[in-house]
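Residue numbers (my numbering), protein chains in the order written: chain A, 2 to 83; chain B, 12 to 844.
Treat the hints loosely; a few may be bogus.
Below are the BS3-like pairs computed for lysine-lysine, each with C-alpha atoms no more than 27 Å apart in a straight line [claimed, not checked]: (1) B:533 with B:614; (2) B:533 with A:48; (3) B:674 with A:72; (4) A:72 with B:516.
Please keep in mind that the hints were generated in silico from the structure rather than gathered at the bench. All of these numbers come straight from a predicted model, not from anything done at the bench.
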Amino acid sequence: MAEEIEEPETLDRLTRGTRARVLGIAGEASTGQRLVELGVIPGVEIKFVRAAPFGDPLEYEVMGYRLSLRKSEAATIQVEAL
Amino acid sequence: MSTARSVTREESANRAGSPVIALLGNPNTGKSTLFSALTGVWQKTANFPGATVEAKLGSMGLPEGREVTVIDLPGSYSLAATSPDERVVTQTLSGRLDAVPRPDGAVVVIDASSLERNLYIATQVLEYSFPVVIALTMVDVAEARGIIIDENVLAECLGVPVVKVDAPRGTGLDSLRSRISEMMGTSRTALALSYPSDFQRGIETLQERVGSFSQKLGYSFTRPEIIRLLVDFSDARVDEIQQLLDPGFAEDLEKIRKQSAGGNTPALIEAQARYGAIGGWVQRARQRGPQTDNTWTDRIDSVLTHRVWGSLVFLLVMGSMFQAIYAWSGPLMDGIDTVFGALGEWVGGFLAAGPLQSLIVDGVIAGVGGVLVFLPQILILFLFIAILEDLGYMARAAFLMDRLMSRFGLSGRSFIPLLSSFACAIPGIMGARVIGDRNNRMTTIFLAPFMSCSARLPVYTLMIAALIPQRTVVGFLEVQGLILLAMYAVGVGVSIPTAWVLQKKIFRSGVSPFLLELPTYKCPRIRGVLRVLWDRGGSFVRRAGTIILAASIMIWALGYFPRNEEVLQRHQAERESVEADFANQLEILARGYRSDLTAKGLKDHAKIAPVFESLSGIYEEHETQVARLEEELAEEEPALTKALLVAKEERTAALSSLAARGKLEFDLARSWHQARLTADERLSDIESCEAGELLAGSWLGQMGHAIEPLVIPLGWDWRIGMAAIASFPAREVIVATLGTIFKLGADTDETSESLREVIGQARRPDGTPLFTIATALSVMVFFALCAQCAATLAVMRRETNSWRWPIASFTYMTGLAFVASLATFQIATFFGG
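Kindly produce the complete structure, drawing on both the sequences and the hints.
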């Protein structure tokens, strides 16, 4: 790549124990709807708690509860690290 | 088409009987516990049309003696209709279903420890104008984490009463009942959230658009329904409206959606509006105490989801669960078998031999036993599921297994139902209720019968023991063991491509979303666990039991009728001739003792008859004792060899003391006894032979002959074909049927030496052996894959609420079993089996 285009950071790339703020969701409509209903909406803080033994799925803390997402689902959520 | 209904019916549902309130909320909020605490033991269940979930209906008493009906709706995070199972919640609230009455009010259960997410569905319910009460649960869990909620402030924010309840301890229930009582019959201004103006306009435009055909529809949509129509992409009503009422609707809706969301999705706009309001309320009502970051749940999870320890604990839990279903249920199932066998004999004793006796003993009693025999496995699985679910471990199990299961297009939730299906598919299919995603659940239910269950073992055991040589290959591997393993592999092997086809081609869903809440660990409640067992066991017996019983009686009738008179008469004549022979022998014995003594005189003889009685008694006791000891001897040798010797000595002593009373009488009684034994043996042979001939001539036998051309390529003959049909109620029935048709009597089981021998010796009309290794393999493969289990099909019908699935399953499995069995026989024959 000639110009450095910064790839948007996604939720699956957080390191364990770190927090991020949700910027947007770019996934399938039905999965996206589920995610926003469960509280994963822009502006919300989300923390990566741990991964399952074989690296997938991943566990997050959002709105005071624990939510597990597959890596592929987490990859549709754009975040900015805090 | 559940949405099309008339206004009059809607009204009549309201008028009839007591007022109705709906109980709803997120999963894991203690909603079910609250439901049982409010309504007690007596509940009904209602099926929703087109959905696989069910609503529980219970009656609750209010302070001033009024009664209300409570509907326990499936736990859900939102009223959005992302699947047919979830749509029922919205449809119930709007009174669009015939199966459940329209509610006059609602209780929303809210978990205090994750207030924001729980309030989401509450904001949706509050947009209806019926009265609502909020029940705040898990207050202790929240307080332990430093979260304190002021319910009065929350009530003020929401505009409805908020009651703190602890259903397991019974606190707050009276207060909840009073609030419900006060609210009944009142009306409320629906919550008006401040949506962005574009979205607000979208709702109004859509309302007008829908108004144009509400006349034709017979009712008008409520505002919450309009919001759902605007937001939910997978709302099936759009197609319905498009086809029936308004061909241009879908296109217009798309336009309205675009305008209302302004570059975003309507779902996001809705969620932001709701969480925006919730954020404000929570800030006012919740006082955060000291933040405890490393909670108990976290500490437990760092072990239970650990790569090494977590996997170990998981294997241990699954291992003991499987062991329990497989092994603990054994004695219980044997017990049920024995009880029903004895019951059949006892009842049979009161009835004259004939069709009625056979119907009651072999049809009804055996059929009921055949239903109840599944209960131990169902109850043991649900004991584990209920405890693990209450604990919060089920979600962790799904978390751990998801990666493996997602390779087959399933999710981690499918693991436990499929694992338990190796013991029995019935609890497995019922256990699939824990899977939220409909497609995933259907796929799991469809795959469950492919796991080799314990009912296939008798078939495998019999075939392997009778025909597969005991040989060791490559060191320690036994051919017999390898073949058994191969049968388990066949089922799993077939289920993988089946899962793929179902997910990709039938449901056309991509990988289904996972999105799993990992609830905090909680201590299981005994009452809750018992209720789950009672519910699951009861629902199996009531709903599936009738179908299983009907199938058993149908197969009984096919095997019993028609009764061939010639066969009956011929065997009756043989029986009479045996009795005549015996009478003759007795006559000779009597004469030999005293020339004027007749057989009848002998039976009344004061000196001989008692000796005969004692002798028979000694032999009978001895026989049962020795038989029991010899059976046990196989297990623990040294102690029992001695017991056997003692038993034999005791018998000899008893006989000598009897002989000492009179040698002549003793010898005579012994000859008499011998003659009787011989006669009884011949009678029992005649019985078995008659049963075999009658079965061969029955409709079942005729069906066997009719399908013979079909099964010859499988290496079978009409007898095996018939036994396969007869095993429709349950696979293991094939063993007893083969016992009958090979004239050994129906009481033979797979460990019976004589059945193994007879199977080895059975011949075709041309004199070649009926069973070869190739035939045995073909029978085993057929039974590994076929759907010969009425109970599985009945439970499938019950759990999917439709005959479509069991019919599809039966057709697919039978077809697959036939093809696989054909291939097995042809290949095995080719390689010289």
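Hints, verified against the model:
1. B:533 with B:614: Given pair residue 533 (chain B), residue 614 (chain B) is violated - Cα atoms ~74 Å apart, limit 27 Å.
2. B:533 with A:48: 23 Å, holds
3. B:674 with A:72: With a Cα-Cα distance of about 91 Å, the restraint between residue 674 (chain B) and residue 72 (chain A) is violated, given a limit of 27 Å.
4. A:72 with B:516: 24 Å, holds
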